[in-house]
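With the hints as extra help, turn the sequences into a complete structure.
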Amino acid sequence: MSIEAAAARIAAQGESSPRLARDPVNQAMINNWVEAIGDTDPRYRRGVAPPAMVQVWTMPGLHGQRAADDPLGAMMSVLDEAGYTSVVATNSEQTYHRYLRVGEHVSASTALESVVGPKRTALGEGWFVTTRTSFHVGGELVADMLFRVLKFAPPPAQPAPAAPGVLRPVISRDTEFFWAGTKAGELRIQRWGETLRHPPGPMPPDGDLDAQPGWVVASGRGTVHSYVVHHRPAVPGREPPFVIALVELEEGVRMLGELVGADPAEVCIGLPVTVTFVTVDDDLTLPAWRVAR
Amino acid sequence: MIAAGTELPELAFDVTPTFVISTALATRDFQDVHHDRDAAVARGSADIFLNILTDTGLVQRFVTGWAGPDALVRSIRIKLGVPCYAGDRLVFTGRVRSVEGRVAVVEVTGTGKLGAHVSGTVTVELDS
Chain G
1 MSIEAAAARI
11 AAQGESSPRL
21 ARDPVNQAMI
31 NNWVEAIGDT
41 DPRYRRGVAP
51 PAMVQVWTMP
61 GLHGQRAADD
71 PLGAMMSVLD
81 EAGYTSVVAT
91 NSEQTYHRYL
101 RVGEHVSAST
111 ALESVVGPKR
121 TALGEGWFVT
131 TRTSFHVGGE
141 LVADMLFRVL
151 KFAPPPAQPA
161 PAAPGVLRPV
171 ISRDTEFFWA
181 GTKAGELRIQ
191 RWGETLRHPP
201 GPMPPDGDLD
211 AQPGWVVASG
221 RGTVHSYVVH
231 HRPAVPGREP
241 PFVIALVELE
251 EGVRMLGELV
261 GADPAEVCIG
271 LPVTVTFVTV
281 DDDLTLPAWR
291 VAR
Chain A
1 MIAAGTELPE
11 LAFDVTPTFV
21 ISTALATRDF
31 QDVHHDRDAA
41 VARGSADIFL
51 NILTDTGLVQ
61 RFVTGWAGPD
71 ALVRSIRIKL
81 GVPCYAGDRL
91 VFTGRVRSVE
101 GRVAVVEVTG
111 TGKLGAHVSG
121 TVTVELDS
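The listed protein sequences correspond, in order, to chains G and A.
First residue of the first sequence: 1, per my numbering; consecutive thereafter.
First residue of the second sequence: 1, per my numbering; consecutive thereafter.
None of these hints come from the bench; they were simulated from the model.
It is possible that some hints are incorrect.
[Unchecked claim] With the Cβ distance kept under 10 Å, some of the chain G side facing chain A (calculated, not the full set): (1) Val34; (2) Pro51; (3) Gly64; (4) Gln65; (5) Ala68; (6) Thr90; (7) Gln94; (8) Val149; (9) Ala153; (10) Ala211; (11) Gln212; (12) Pro213; (13) Trp215; (14) Ser219.
Heads up, the beta-carbon is just placed ideally off N, CA and C, and yes, glycines get one too.
Structure follows, in structure tokens:
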């Protein structure tokens, strides 16, 4: 049965039979509540219950079982089985017809009002379940409440990176050829007709929307166009000081990378370098430079 | 005489783990996400967080603290925004939206580190 069909069936059952609170309204529970909330209203020390406690009296408790005809419990089961295992409340609208006094015994009846979903939310995909509960003392309606919860499937925890401590590039459709190249030991440069471009991008230099990019394999030879010696801040996976060089390739484009195995003191603009490849793991190989000897 | 537009004095709560847990238990809400940090994290949260019955109570306290002990609360309608986790500080602000006879409708917002945690309206019958 679909979630919608199950909801319609549960809603059609109407209000549950009244569920009597575990205890009558009593000063001990009021005292705990005002102490925790920090409410010093003097009425609540003289036998009047805070109106916002109305739902508290009929809560199921630590080991409480929901009644067999409780529509919220039935709907929660349906959604649990469908994989929506977590719940947060999102709306509460309580109307108080009068304040309660110590000694009164509240009962609650609940009907399922609506089930809306599936919705994408910040917490994950879920369903909004709305119930309406009426609270009675004897035959008298003392309060009613619309209550809405989001029953959702939390997204799986993010897998830990294969090589923790290394900053990883974002690989897109425009750049995947480049990273496939480093894995294969090739330094690939994006080509639009006769024009080479790096870093690769989605559009050609002339903005021709019909153009399709290709790529060429660079010789891997170039010279240092500019560089920095990085001392701090700390970078995951790097031991400072290290050199980051902007290299002008023979093909005429410039490309950034770490200059490995070099003494920072020997690095200078114009220094000839060749490409090398640093294998991080099965998914990632970084291009880098070494001094051409 | 209270008029529409009147601002309520701010009220702030330090949402310590003790506050989250003691209010959850005082409202008889034993959902693990309100007292068990590991369970809360496993269910996709950053930490234990305030329950909605407590929010209703805090909103009530904020408004009656201003309206005085002879005012009668007629309704509390709240909507939750971002969660309020242990370690947060929740600041309530409010203003009177309308007054009709002795009945005032007060707009309330409780804002924490992540933004608006709870917002809504309280209808309160003022002592005339």
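We went through each hint and held it up to the structure:
Hint on Val34 (chain G) holds. Least Cβ distance to chain A is approximately 9 Å, under the 10 Å limit. This hint holds: Pro51 (chain G) has a C-beta 5 Å from the nearest C-beta of chain A, less than the 10 Å allowed. Because the closest C-beta pair between Gly64 (chain G) and chain A is about 8 Å apart, less than 10 Å, the hint holds. Proximity of Gln65 (chain G) to chain A is violated relative to the hint, the smallest CB-CB distance being about 13 Å (cut-off 10 Å).
With its C-beta approaching chain A no nearer than about 20 Å, Ala68 (chain G) sits outside the 10 Å limit, and its interface hint is violated. Hint status for Thr90 (chain G): holds, given a least beta-carbon distance of 5 Å to chain A, under 10 Å. Given the 10 Å rule on beta carbons, the hint for Gln94 (chain G) holds: about 5 Å separates it from the nearest Cβ of chain A. Interface restraint check: Val149 (chain G) against chain A, minimum CB-CB distance 9 Å, threshold 10 Å, status holds.
Look at Ala153 (chain G): its Cβ gets to within about 9 Å of chain A, closer than 10 Å, so that hint holds up. At its closest, the beta carbon of Ala211 (chain G) sits 44 Å from a beta carbon of chain A; the interface hint therefore is violated under the 10 Å criterion. At about 42 Å, the closest approach between the beta carbon of Gln212 (chain G) and any beta carbon in chain A exceeds 10 Å, and the interface hint on this residue is violated. Annotation: Pro213 (chain G) was flagged as interfacial toward chain A, and the flag is violated, the nearest CB pair being 40 Å apart, outside 10 Å.
Taking 10 Å as the C-beta cut-off, the interface hint given for Trp215 (chain G) is violated, the closest approach to chain A being about 42 Å. Look at Ser219 (chain G): its Cβ only gets to about 50 Å from chain A, farther than 10 Å, so that hint breaks.
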